[in-house]
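Participant: For reference, the chains in residue letters:
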Amino acid sequence: MQLQVNGKEYSVEVSGNTSLLSTLREHLALTGSKYGCGEGVCGACTVLINGVPVRSCITPVGSTQNKDIVTIEGLEENGKLHPVQQTFLEEDPFQCAYCASGMVMSAVALLRRNPSPSRQEIVDSMQSNVCRCCTYPAIVDAISKSAKA
Amino acid sequence: MEKEVILYPEQYELFEKPLKSSLTRRRFFHLMGGGIAVALTISDGIAGAINGEDPLADDLIAAWIHINEKGIVTVYTGKVEVGQNIRTSLTQIVAEELRVPVAAIELIMGDTSLTPYDRGTYGSLTTPNMSPQLRKAAASLREVLIEMAATTWKTSAGSLKAADGKIVQSSSGKSLAYGELTKGKKILKPVNDKAPLTPSDKWKIAGKSIPKMNGKDFVTGKHKYTSDLSLQGMVYGKIVRAPAIGATLVSVDTSKAKSLPGVTVVEDKDFVGVIAPDSQTAESALWEIKAEWKVSPQPSRDNIFTYLKENAQAGKSENTQGNVETIFASSKNVLTQSFNINYIAHVPLEPRAAVAQWEGSNLTVWVGTQRPFGVQEQLEELFRIPKNNIRVIMPDTGSGYGGKHTGEAALEAARLAKATGKTVKVVWTREEEFKWAYFRPAGVIEVKSAVSEDGVITAWEFHNYNSGSSGIRTPYSAENQKIEFHPVESPLRQGSYRALASTANVFARECQMNDMANSIKIDPVQFRLKNLKDERLKNVLKATAEAFGWSKPRTKDHGYGIACGFEKGGYIATAVEVQVTSAEVRILRIVAAFECGKIINPRHLKSQVSGCILQGMGGALFEAVDFKNGKIINPSLANYRVPRFADVPEMEIILVDRPDLVSSGAGEAPIVAIAPAIRQAIFDASGKTLNQLPLIPNGLKA
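As you go down the protein sequences, you meet chains A and B in turn.
Residues in the first sequence are numbered from 1 upward in steps of one, following the numbering used here.
Residues in the second sequence are numbered from 150 upward in steps of one, following the numbering used here.
No lab work stands behind these hints, which were simulated from the structure alone.
Be careful, since some hints might not be right.
Unchecked claim - Distance condition first, Cα-Cα at most 20 Å in a straight line; then the derived EDC-like pairs of lysine to aspartate or glutamate:
id, chain 1, residue 1, chain 2, residue 2
1, B, K755, A, E90
2, B, K357, B, D706
3, B, K373, A, E76
4, B, K780, B, E292
Unchecked claim - Okay, the calculated bits of chain B under chain A, using three or more residues with CB under 8 Å as the criterion:
id, segment
5, 275-288
6, 294-302
7, 423-436
8, 455-463
9, 544-552
Said to hold, decoys possible - Simulated coverage check for chain A against chain B, where a stretch passes if three residues somewhere in it have a Cβ under 8 Å from a Cβ of chain B:
id, segment
10, 7-14
11, 22-29
12, 34-43
13, 73-82
14, 88-102
15, 129-136
For every residue, glycine included, the Cβ atom is placed at its ideal position computed from N, Cα and C.
Chain B with its partners taken away, still in its complex shape (with noise of 0.2 Å):
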């Protein structure tokens, strides 16, 4: 029988929910003030709602921007500043059409009580989804103040034009400053979808490398992050942990902890956390606290991907066309091989932290997340009390890389704090945030393909157990295929990760095809070239094969690789120059040519591409969760290697800006290419195929 596979939040990119709560213009102005503001609405048949006193449920906007009697510009998303530099690009769109300088607007973020309902930053979604909206919005409110004008001097709309903050009648000299169009006003407009948009050969703003919002904030270290809070009466929290992964409480002696000083003791079934005036003492306190578990047995890694193969559903298909059996029974060149995929951390600089604080029935809390609207339905399901009792604020977080889905530090500090009456700060430690987050899944993925003498290729079939369905597709043709994803409960916490499971997918799948390119004898660009029709991914893939000299003369000893893949609407090509010794493999050169449409910040774009060239690198080459009997091995950074300064080689990343394509985001798809494209440099220069991530977990020798 099949066993359904439970989701768990930081699994949310696979499901959606239902909303409830609903925004009536009363209360937008209650909340904003007066001026104008132009809402944007998810489909344009509500978007009428907006100007009645009809109920607008929260789901169907999408953000809004406001302009206040003061002239002052502020933008509401839901979307998340996690260290993509959203704040600056978001900010760049919205100063480009409204024909103010970046100073000018503030950007409110994944505010549950100011910002429209947000899904959660995740999935490459804001560039390609939120940006044009906002553009569009801009617009929009351009023109309503462009109309307002017209009305107050009685002459047409055309004869005006927006520019630094007001508007302008060029023939007349005269003009209005935004802040006084919009003084004792309270209009609130749905998105015009005739609001001429600025042609991106005009932009003056967006398109240019503005520097991060507030940059000066974190050279000085005045930026609060939610780890930096520090409220009123505010006390440091902390949980007892389970010694193992299922491990439950049998028994717990508090009795030595409370009787510390300024130490209260929360129990609540097998939640059990301290609460002290610092954190130095809420460590202690915990040391004093005698608790008895019931272990259980667990797989370890020494077993995983047995484990994963034995424990496995039935396969679910994702292609099938043709019929590869057929093939693989009458063809001379079948390539079969099986990838081990290990699990691997997010270590997001910043571990999770959260403060809450209970007002009467109302809670407040502020919490590092990609997902500030999942954690308030977290805590709503927690305390049973309605969704509009809750308020959720993310601060501009230590980063995130699709580990911080949920909401763990927010929901530990709300039961501390509603239990003790006290305003609570949890802050995870490195050690609970290797064992008690999540991971990003391990998997095996099985891969057989069948490839003509003149290196067509003619059936691909392949499995991938576990590690995720995303990216599971080949670019490339194949007459037959048969894909299949074997979902399986997997034995450690695992969610999303930085281009979801397609780092694994995009491994197995170019590693094939190197592989197949060597087996036949035929340059592994040109094979791909032969079987993609993509012209996207093919452009990038030429451009670096170009900029990185792949058929140039090469140095003798020296191991070359290419490798290309796309995920949501970026496109990367990688190639590496590694030297391989007896003692270490060392990585010289890595050129990328990676394209995401226009380009709306170039210094942010290519910071985005090499910081994830740069991260793959390490699960590419030795980050690896190790786990035994659901111990977590090695939860600290001493022992869980992630890339350093001495690791960076010579970097070219070429950037293909395409003005004729939507911006889609770049904090994904550029890690897909960098191991694959290593694993075949490193089979160059020594004849090794290495067929599991990471490639040398056991340091630097091949």
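Next up, chain A with everything else stripped away, as it sits in the complex (with noise of 0.2 Å):
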């Protein structure tokens, strides 16, 4: 199975119902990505598809074939980090941060889709991820700041 993740050719051999997340992790050693949930809910393994995020751990991976899959490790552009993990890393939000790299997919995705949201939208396009630690105040603080910078 032919993939395309982070800019890059790969060849894997899975069965297309292994999901996404399995994949990224135990074949192509991109272990950003977290399991948390199993069921779509947490969203510690978001990735983009094609610029949608997408909770790869319910995605089968044939479903990707031949679509731009980005991963966490695939947002820093020549060694320099993307501007959400910059402001994430200034503000200093997390704790576990197993959490992260979700979040920092998703805000990637919701600050291309508006540039500019308010506290409430960011609240309602980040529902769907967990952070057990509950560092939420301080989450949305450092996607608001994102969106500013």
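Join these two chains into a complex; the hints should help.
Facilitator: What follows is the structure, encoded as structure tokens:
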């Protein structure tokens, strides 16, 4: 199976019903996307497919062929952090940070769709991402700041 | 006859085990390489042994700091990072005393071969215990370096000072970098109690909001949690699970699974597992295993509170003074209530995970746990091999909240690895985490109290069935008291949780306080202040009331509630404002003041406090483990609701800094006051007294 991840072509031998998340993590050594719930409700596994945020844990890898997949590892350009990563780094919202990749990916998708969201729009858009340490207020602050940057 | 309650590892906070292995100076430098180190001993009496070759028992060393021959500072502590950001706060403390930037320090945490023995990271012990010890050790090391420079320059130590990783003499302008001083040395010193500590008002690094160590690794996905590790030749393991708690295996047919390419089945009595080259194949193999189980009747959530009462042991007195019965008989204002507390789950976002590798008779395990040395002991017991053959490494982990005191995945991975000769990774699914980890205890709490017309508590009787004795005593003055804990053999696996059992005890106590205040029509803040002696608790209560505007005019139809509590040196008071409509309860605003001594990192402290309160809001409003006849029936994040972005109200956190007091942990106490505050606010708005946790389990309606 041919996959295009972070601008690179990969050839993997997996059955089409394997989840995209397992494929990324176990076959492509891209472990930035995390397993949290396995049913698409916590957002830790969020990746972008053709620019749209997708829960990779419930996405069969077979459905992602010939599509542009971007994971947290693909956000940096020429060794420079994506502006959203940079703001999260400066705002320092995380505790255990296991949710961080999913939060960053969801925030990137939100800001592409809506470059200057209100706080309510941020909350609505991020509602499907869980931070069990409950650092939500600081994450909203970081996204607001990214929007202004 | 009284039945002894069995203690499991997750209930470890209740007992201690003797230790066996030891450390010598020779072994120390074999591990560390040359340089200078200061080891922190628990008792000054044995500190002298460090300089000799006498073995020093592991449990006598708490931590050490080492500067190698290149001047690189490494701190070794058995404490672990699970999201409390102690990697950052401990680094700050050491950097401050050693006069080096935080970037010059590496912390090795929770590696049984490298770090000193540590009972575990729980009970908010790191900040009050490890932090001052490391501070002393770093100051001692700084003084050793100054002495060495003084000897080199044949001058007095008093004319020298440490700055920027160097010892400098300002009069001559001479300087020596730490690495130049440590070159070719093998010096191990005990902590010098006389080494002067930098007073907190002179702090330049400690006390500041230093960002999370290695923060970039987390926003780029580079940090390797245990579940991310991949070793050469590693395979993926899965375990066959019982259909219900208490079920035993009758027979198993693994023939079909065995025939799958790449799959190996491991059978060892009740333990049946598979390994495969990837997790999908391992999962498919599990489906092909046909197991027959014998189930036995188990309690259900429907009757759990009756069950706990009926199966309780005799009460163990936690405090008895005066005679409560006499007072109740003669008092006009007596309030009797019962509170039901449901089991709740920790739901660490990273489920249990481990990688196990055998090399001959040596076992190395990477595992997400709050007690790496405890897991080492579990492995020692399981395989009957010397502890020195077992290395447990704990990568910074995707949270615990008291829910990862054990090493289930480590034991499972190690069994599969031993049987197959492969390196095996086991990562629990969310469903496994819900079904086979342990919970915060359920409980029944009965409270009876008497209060005089002018608001003095005269008698206080408190019975806790199963939910734990931590925080059971009341900080309020009551001349007559009878406080008892009634242990029960819990039908569900239960253990530690944030703030231990005190979420339940504080809930019941504070609800009773609010209701007593209501019954005699006294303001609940004044009522508490009148019956409180503890100045720290009074201060946070006053600070919260002030910031909240407790005595200011209120919005009609809104409800207001307040509560306070303390745990492990942390003091919290929380006030909330809610709106209750026919359809829902909306938390509009939370104000909380928290004090835990001298603040080491304001930003991370605020994050701990705010996160703790919001997590507590989940347990207050809707979190509950549902179970029927031994089966957990909501074992998924879609069916077990946790707080999300939209649940967060307007929040104000006041951090009370007390430079005169030792710093304490912040990961526990802030969780205790939110539930009773919300319950009082709902009562204020709707007149409904909700005497269970969660308060509104069936959705948002009160």
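Participant: Does each hint hold? Answer for all of them.
Facilitator: Hints and how they fare:
1. Under the criterion of a C-alpha separation no larger than 20 Å, the hint pairing K755 of chain B with E90 of chain A is consistent with the structure, at around 16 Å.
2. Distance restraint check for K357 of chain B and D706 of chain B: the Cα-Cα separation of roughly 42 Å exceeds the 20 Å cut-off, and the hinted pair is therefore not satisfied.
3. A C-alpha spacing of about 18 Å is found between K373 of chain B and E76 of chain A, which places the hinted pair at or below 20 Å, so the restraint holds.
4. Our distance criterion of 20 Å between C-alpha atoms is broken by K780 of chain B and E292 of chain B, whose separation comes to about 60 Å.
5. Three residues within the 8 Å Cβ limit are the bar, and the segment 275-288 of chain B against chain A gives 0, so the coverage statement is violated.
6. Residues of the segment 294-302 of chain B with a Cβ under 8 Å from some Cβ of chain A number 0, which does not satisfy the need for three, so the listed coverage is violated.
7. Counting residues of the segment 423-436 of chain B whose CB lies closer than 8 Å to any CB of chain A gives 3, so the stated coverage by that chain holds, three being the minimum.
8. Counting residues of the segment 455-463 of chain B whose beta-carbon sits less than 8 Å from any beta-carbon of chain A gives 0, not enough to reach three: the coverage restraint is violated.
9. Against chain A, the segment 544-552 of chain B contributes 5 residues with a C-beta closer than 8 Å to a partner C-beta. That satisfies the three-residue criterion, and the hint holds.
10. Counting residues of the segment 7-14 of chain A whose beta carbon lies closer than 8 Å to any beta carbon of chain B gives 1, which falls short of the minimum of three for the stated coverage.
11. Check on the segment 22-29 of chain A: 5 of its residues sit with their Cβ under 8 Å from a Cβ of chain B, so the three-residue criterion for coverage holds.
12. For the segment 34-43 of chain A, the assignment as covered by chain B holds, since 8 residues bring a beta-carbon within under 8 Å of that chain's beta-carbons and 3 suffice.
13. Counting residues of the segment 73-82 of chain A whose beta-carbon sits less than 8 Å from any beta-carbon of chain B gives 4, enough to reach three: the coverage restraint holds.
14. Counting residues of the segment 88-102 of chain A whose CB lies closer than 8 Å to any CB of chain B gives 13, which reaches the minimum of 3, so the coverage claim holds.
15. Counting residues of the segment 129-136 of chain A whose beta carbon lies closer than 8 Å to any beta carbon of chain B gives 8, which reaches the threshold of three, so the coverage claim holds.
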